[in-house]
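Colleague: For reference, the chains in residue letters:
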Amino acid sequence: MKIKSLYKQILFYAGIVAVWQIIFLTHLVPEQALPSPMQVGQVLVKETSDGSLLYAIANSMWRLVVGLVIAIVGGMIIGIFMAKVEAVNQTIGSLILGLQSIPSVAWVPLALLWFGPTDAGVIFVTVAGALFAISINTHSGIKNIPPTYLAAGRNMGASGLQLVTNVMIPAALPYLITGFKQGWAYAWRGVIAAEIIFSIAGLGFLLNLGKHDKDISQVSGILIIVMIIGILVDGFVFKKIEAKILSRWGLSK
Amino acid sequence: MTKLQAKNIVKHFDHNGNSVVALDGINLNVDEGDFVCIVGPSGCGKSTFLNIVAGLEKPDSGEILLNGNPISTPGPDRTMVFQEGALFPWLKVIDNVEFGLKMAGIPKDERRQISHSYLDMMQLTKFADSYIYQLSTGMKQRVAIARALAMDPEILLMDEPFAALDSQTRDLLLVELQLIWERTKKTIIFVTHNISESVILGNKVEVFKNRPSKIKKEILIDYRRPRLAEDENLQKYYHQILDELKSEVIARTKEDSQ
Numbered sequence: 001m002k003i004k005s006l007y008k009q010i011l012f013y014a015g016i017v018a019v020w021q022i023i024f025l026t027h028l029v030p031e032q033a034l035p036s037p038m039q040v041g042q043v044l045v046k047e048t049s050d051g052s053l054l055y056a057i058a059n060s061m062w063r064l065v066v067g068l069v070i071a072i073v074g075g076m077i078i079g080i081f082m083a084k085v086e087a088v089n090q091t092i093g094s095l096i097l098g099l100q101s102i103p104s105v106a107w108v109p110l111a112l113l114w115f116g117p118t119d120a121g122v123i124f125v126t127v128a129g130a131l132f133a134i135s136i137n138t139h140s141g142i143k144n145i146p147p148t149y150l151a152a153g154r155n156m157g158a159s160g161l162q163l164v165t166n167v168m169i170p171a172a173l174p175y176l177i178t179g180f181k182q183g184w185a186y187a188w189r190g191v192i193a194a195e196i197i198f199s200i201a202g203l204g205f206l207l208n209l210g211k212h213d214k215d216i217s218q219v220s221g222i223l224i225i226v227m228i229i230g231i232l233v234d235g236f237v238f239k240k241i242e243a244k245i246l247s248r249w250g251l252s253k
Numbered sequence: 254m255t256k257l258q259a260k261n262i263v264k265h266f267d268h269n270g271n272s273v274v275a276l277d278g279i280n281l282n283v284d285e286g287d288f289v290c291i292v293g294p295s296g297c298g299k300s301t302f303l304n305i306v307a308g309l310e311k312p313d314s315g316e317i318l319l320n321g322n323p324i325s326t327p328g329p330d331r332t333m334v335f336q337e338g339a340l341f342p343w344l345k346v347i348d349n350v351e352f353g354l355k356m357a358g359i360p361k362d363e364r365r366q367i368s369h370s371y372l373d374m375m376q377l378t379k380f381a382d383s384y385i386y387q388l389s390t391g392m393k394q395r396v397a398i399a400r401a402l403a404m405d406p407e408i409l410l411m412d413e414p415f416a417a418l419d420s421q422t423r424d425l426l427l428v429e430l431q432l433i434w435e436r437t438k439k440t441i442i443f444v445t446h447n448i449s450e451s452v453i454l455g456n457k458v459e460v461f462k463n464r465p466s467k468i469k470k471e472i473l474i475d476y477r478r479p480r481l482a483e484d485e486n487l488q489k490y491y492h493q494i495l496d497e498l499k500s501e502v503i504a505r506t507k508e509d510s511q
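First to last, the protein sequences are chains F and D.
When we follow this note's numbering, the leftmost residue of the first sequence carries the number 1, and every step to the right adds one.
When we follow this note's numbering, the leftmost residue of the second sequence carries the number 254, and every step to the right adds one.
Hints in this document: simulated from the structure, not taken from any laboratory.
A quick note: this is a predicted structure, and the numbers were derived from the prediction, not measured.
Hints should not be assumed to be uniformly reliable.
Under the rule of at most 20 Å between Cα atoms (straight-line distance), these lysine to any residue pairs were calculated in the SDA-like manner [as the list claims (entries may be wrong)]:
#: 1; chain 1: F; residue 1: Lys-244; chain 2: D; residue 2: Lys-355
#: 2; chain 1: D; residue 1: Lys-345; chain 2: F; residue 2: Pro-170
#: 3; chain 1: F; residue 1: Lys-240; chain 2: D; residue 2: Pro-342
#: 4; chain 1: D; residue 1: Lys-355; chain 2: F; residue 2: Leu-150
#: 5; chain 1: F; residue 1: Lys-143; chain 2: D; residue 2: Phe-341
So, partial list: chain D residues that the calculated Cβ filter (under 10 Å) puts toward chain F [claimed, not checked]:
#: 6; residue: Leu-309
#: 7; residue: Tyr-384
#: 8; residue: Tyr-386
#: 9; residue: Met-404
Distance windows between CB atoms, simulated [claimed, not checked]:
#: 10; chain 1: F; residue 1: Leu-95; chain 2: D; residue 2: Thr-390; range: 40 to 46 Å
#: 11; chain 1: D; residue 1: Lys-379; chain 2: F; residue 2: Pro-146; range: 25 to 31 Å
#: 12; chain 1: F; residue 1: Trp-20; chain 2: D; residue 2: Lys-379; range: 53 to 59 Å
#: 13; chain 1: D; residue 1: His-268; chain 2: F; residue 2: Pro-147; range: 14 to 20 Å
#: 14; chain 1: F; residue 1: Leu-110; chain 2: D; residue 2: Lys-379; range: 44 to 50 Å
Note that the Cβ used here is the ideal one computed from N, Cα and C, for glycine as well.
Just chain D, same shape as in the assembly (with noise of 0.2 Å):
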């Protein structure tokens, strides 16, 4: 069953008073429980387009269909998990992981074992108490996972959410988010531009082309999970994508050199 959908989404960037085209005619399909990644070279409007989904940008033309309905404005229903420092630092861990069911109107009570059965999950039942400068990065990334699952959300949106992460707590956070999506079921879009990110998350990968921002092809990964970071198998993936992409990395430093 159709989750999301983006119909021909158009977006447009004044940069120094020329307009540029950030985004040129996205169609993207999601599926019920899909696990989409897209990855792509910096800059090629890959984030626009999921703050787009969210609801945070609105495109030039084109709309988003989520369950068939059309959406332009934020909404618990797709909760983001952010590249870095969006957790607030006047809250406690757990009131941060409360905060959009706070906003909701939810009873204390009810928020309160909703916080605790995702604190739970992503093990960080020690930590509640703790504000954020206390916490690790990858720790950080852990609340920011907990309380945009607390939403219970239609669908979860990353931005590049483990970026910043050194690579052993990386791998340890994507099998988790594996493990996370098998249970909740949760139907995902998760932006990265990093290839073995991609291959080991996806179920489907969006490879984005840039300028004009398109997706250039959309490569599906049927392989057991949850997969390891150094699985060999996961190889012809990685490279089937690098080749789309390298055509892209060296059109675009032709260009820049012109």
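Isolated chain F, as found in the complex (with noise of 0.2 Å):
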């Protein structure tokens, strides 16, 4: 099953990467706006070669990880709170549900007043991103945990922040991971956006340098680094952490 599903996603990128080429060949679309798979291929191996693409990744992914864990565990900070006063729900959390409106970009000119173009800036951008959903999913999470669980936490003797870390979050796991995932995805357009508009090192960097030298295969073969880092984080991290928590809850399809 799993090896088929492989073999088709080998032959369906396979065949884009050959349609790509047809049309190129065709050159009904000027080389400027299209490059061929090949050139791609060469300013990939390129910068490769000379380091500039894992510096612009390792730049890119420290930024991220920092941010999405400040913004996990203050995410889950607030959720728990709005679960569990209902004044800050009223409050902090009608304000949450507004700020959560806000696209990750549209916090990049505030960022840049608050830090100027540096880490730091991209970092608060990120976090900006995905502390707003992970909150609300970490709400619903600790809203939606069964009666019960939390009956035999308490009878068992766990009260207080014992109850917070051994049964409540652990039982709104299922709920947090669907935050996480929300989360990371607004982190990374946070991550890329800001380095774009920041223009400091890191693959959204590369992205605007190739704009700079109109350089369209810089640019396509970066979107395409983006996009598979995307797929890699999602489809190795995040889905077999939650396959593995729908299992183990029982809730697996």
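Need the complex rebuilt from these two chains, each delivered in its own frame; the hints are there to steer you.
Modeller: Below, the structure written as structure tokens:
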């Protein structure tokens, strides 16, 4: 089953590259607008061999990871307070619903004014993009915990912070992981957007550089890299964790 | 010796803005080593009463005394076996059994030793490292019993623990629970709507009446153990309880149809 779907995917992507190559060969689209797969490949090979691609990935990734960790910890704390204290939900909760509707990239100007074009600025954008989605999912996760889990936890002597860390958070994990997934997706968009606008080292910077040099191969190549990282993180990190949680919780399809 | 005393427990519920009496003055004495079954129609407040004993709910008035001391909060001295779904899916069987011990700050080696002895008792040793979703409903309830016993509680509270089991599994667990009771000499309060369960298990059966909820009758069953579901001699107790409950159910049906 698994192998079969892998074959299908390989075939699909090979098909896309083939169609791309054919369109390129027909010269229907000018070369400045559509590079050939080979040209894109060459740029990526060159940037890999001189280390600039890895350097950019490392830069983007560490900002992403730092921002996401801050957003996860902060979002969970906010979400738990929203679920446990009705006054917090009515006040901060409504504010967070509003803040969540702001696209990650819209935080960039504010980040520039506060932090300048620095790592801290990019991380701010990442946190602002992910924090609210994680808060909201944590809130609904805690609200949806089956009451018997909490009753059983209290019955066996857990209370206060013990109850939060040993019962509430693990019981809410199926919801939390949804929040983390959303948070990561927003955070990743935020990192790339901020790097493009700030123009500091990272994948977003390489995109910007490509635009500046009118190098369509560079722009296309980096876009593909951004997408591949997205697929890998989603498919190999979050999907795996999610599948494990769902099966253990007896929720798997 | 009196282990647990319920003194005039009153509890109201808010139902669509109306105050409904859930418990109207429950008085109960449970002696050390008693196996008390509370039987009554659904909605008679028997689970509410058990939750109050557990400290999970607060009564509007009245008090619960454990060994003469009033209690108001949940505590590992009164562990509960819930009807279903109260085992933690994120923990292995053995970690579920150890949960309360961990909360109490007992060191890991000691915890392992205690949990293994209760897993042995419930014939679960092979499943120590399984996750909950891998177990049958009957196995889950064995784990729940092991988890509650591992805390070495003063009183074991059981809230319809066998309601979701098929009848063969239930019959087996009914015998096992009697053996465990004899072996551990635990005081047990067992809530059920199933009359045969209460007759097989209880040395005291408290028949709850409905609206207002009170204890209608206490029936003492002094009969050899382990009692089996098919034992003819238990029939007279069964019918005695059934007669008490019948009038309850009829009265309720009349009330509902009016």
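Colleague: Which of the listed hints are not met by the structure?
Modeller: Numbers 1 and 14, in rising order.
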